[in-house]
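Enquirer: Modelling step: build the complete structure from the supplied sequences, incorporating the hints.
Next come the chains, spelled out residue by residue.
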Amino acid sequence: DTEVTQTPKHLVMGMTNKKSLKCEQHMGHRAMYWYKQKAKKPPELMFVYSYEKLSINESVPSRFSPECPNSSLLNLHLHALQPEDSALYLCASSQEPGGPSTGELFFGEGSRLTVL
Amino acid sequence: KQEVTQIPAALSVPEGENLVLNCSFTDSAIYNLQWFRQDPGKGLTSLLLIQSSQREQTSGRLNASLDKSSGRSTLYIAASQPGDSATYLCAVLVWGGGFKTIFGAGTRLFVKA
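Protein chains in written order, with this note's numbering: chain A, 1 to 116; chain B, 1 to 113.
Derived from the structure by calculation, the hints contain no laboratory data.
Heads up, some of the hints might be wrong.
As the list claims (entries may be wrong) - Here chain A is said to cover these stretches of chain B; the calculated rule only asks that three of the stretch's residues, wherever they fall, bring their Cβ under 8 Å from a Cβ of chain A: (1) 13-19; (2) 39-52; (3) 85-94; (4) 97-103.
Claimed, not checked - DSS-like mimics (lysine-lysine), calculated; alpha carbons at most 27 Å apart, straight line: (5) A:38 / B:1; (6) A:18 / B:112; (7) A:36 / B:1; (8) A:53 / B:1; (9) A:19 / A:9; (10) B:112 / A:41; (11) B:112 / A:36; (12) A:41 / B:100; (13) A:19 / B:42; (14) B:112 / B:42; (15) A:36 / A:53; (16) A:36 / A:9; (17) A:40 / A:19; (18) B:42 / A:9; (19) A:9 / A:22; (20) A:38 / B:42; (21) A:53 / A:19; (22) B:42 / A:22; (23) A:38 / A:22; (24) B:68 / A:41; (25) A:36 / B:100; (26) A:36 / A:19; (27) A:41 / B:42; (28) B:1 / A:9; (29) B:100 / A:22; (30) B:100 / A:40; (31) B:112 / A:40; (32) B:68 / A:9; (33) A:9 / A:41; (34) A:22 / A:41; (35) B:68 / B:100; (36) B:68 / B:1.
What the hints assert, rightly or not - Below, a sample of chain A positions facing chain B; criterion: calculated Cβ distance under 7 Å: (37) 39; (38) 43; (39) 48; (40) 50.
We treat Cβ as the ideally placed atom computed from N, Cα and C, and that holds for glycine.
Expert: This is the structure in C-alpha cells:
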C-alpha cells in the first residue's frame, strides 16, 4: 500500500467557519507534510511533522493549525480563513533518508479548498 | 537558500518525439532528487527518485540523470505519447531544521496526437 488518503476532496467554507482537512497513511512513514498549491504554481511547504512532533513551520499564519494525533494521521484545522487561502492542500509522507530508506515522498490527491 | 529552476516552462511536441526536461538547483547539499508528474487538479505522482550517491534511474520510457556537483538533473522521455501530457516537477530533499522537499516551478508538457 503506497497510498496517502486525504478527505474531503472538496471543501467550501465561509471566512467565519471552522473546518478540518484530514490525511492518513499506512506505509509506516514517520514524516508527514502539508503543502499548499495555487493554480499553475509549485507546491509550497507549510508544515513538517517528524515522529509526531512539529519540526518545521514555514511561517504559516495561525489561522492554519496542524495536528498529528498519531503516526498515521495528520490534520489541518482551518479557522477564519481569507479568500486568498483558496488553494489545493496536499498532504505527503515519507521515511527520513538514511540506511535503506530513500526518503521518497508520496502525495495524496489533495483537498480543494474554496473560501468565500 | 536552495532554489530549483526548471527549463523550459512549457513544451509542445508531436507524438513519438524523444524529449528532455531540465532541472537545476543552487546548493549541491541534497539528499535526493525526485521527479513528479501532476495532472490538472490532481495530486503528485512520483516518477523517479535519484539518491545523492546515484547518477541515474530508469523506469520504462523514462530516464533521469543527476549531476550533483553541477547542480543539474534531466528527465528524458522516449517516444512521447498524448497520455504523457502533464506538468513535470523536479524536487530536491534538503535539511533545513528538518528534512524538507523544495520544488521547481515545473514544465508543462503537451504531446500532440
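Enquirer: Take a quick look at whether residue 19 of chain A and residue 42 of chain B sit within 27 Å of each other, Cα to Cα.
Expert: Since the Cα atoms of residue 19 of chain A and residue 42 of chain B sit roughly 21 Å apart, the hinted pair holds (cutoff 27 Å).
Enquirer: Regarding the pair residue 9 of chain A and residue 22 of chain A, is the alpha-carbon distance no greater than 27 Å?
Expert: 10 Å, holds
Enquirer: Does residue 1 of chain B lie within 27 Å of residue 68 of chain B when you go C-alpha to C-alpha?
Expert: Distance ~16 Å between residue 68 of chain B and residue 1 of chain B Cα, so the pair holds.
Enquirer: Under the criterion that the straight-line Cα-Cα distance not exceed 27 Å, is the pair residue 41 of chain A, residue 42 of chain B satisfied?
Expert: 13 Å, holds
Enquirer: Between residue 100 of chain B and residue 22 of chain A, is the straight-line Cα distance small enough, at 27 Å or below?
Expert: 20 Å, holds
Enquirer: Please work out if residue 42 of chain B and residue 9 of chain A have their alpha carbons no farther apart than 27 Å.
Expert: Given pair residue 42 of chain B, residue 9 of chain A holds - Cα atoms ~10 Å apart, limit 27 Å.
Enquirer: Run the distance test for residue 36 of chain A versus residue 53 of chain A: straight-line Cα separation, threshold 27 Å.
Expert: With Cα atoms ~20 Å apart, residue 36 of chain A and residue 53 of chain A stay inside 27 Å; holds.
Enquirer: Could you grab the alpha-carbon distance between residue 38 of chain A and residue 1 of chain B and see if it respects the 27 Å cut-off?
Expert: 22 Å, holds
Enquirer: Have a go at the residue 48 of chain A hint: is there a Cβ in chain B nearer than 7 Å to its own Cβ?
Expert: Status holds, d = 5 Å.
Enquirer: Do the alpha carbons of residue 19 of chain A and residue 9 of chain A lie within 27 Å of each other, as the hint requires?
Expert: Cα-Cα ~13 Å, so holds.
Enquirer: Verify the proposed pairing of residue 22 of chain A with residue 41 of chain A, using a straight-line Cα cut of 27 Å.
Expert: 23 Å, holds
Enquirer: Is the Cα-Cα distance between residue 38 of chain A and residue 42 of chain B 27 Å or less?
Expert: 12 Å, holds
Figure legend: structure checked against the earlier numbered hints; hints not met, in rising order: 1, 6, 11, 28, 32 and 37.
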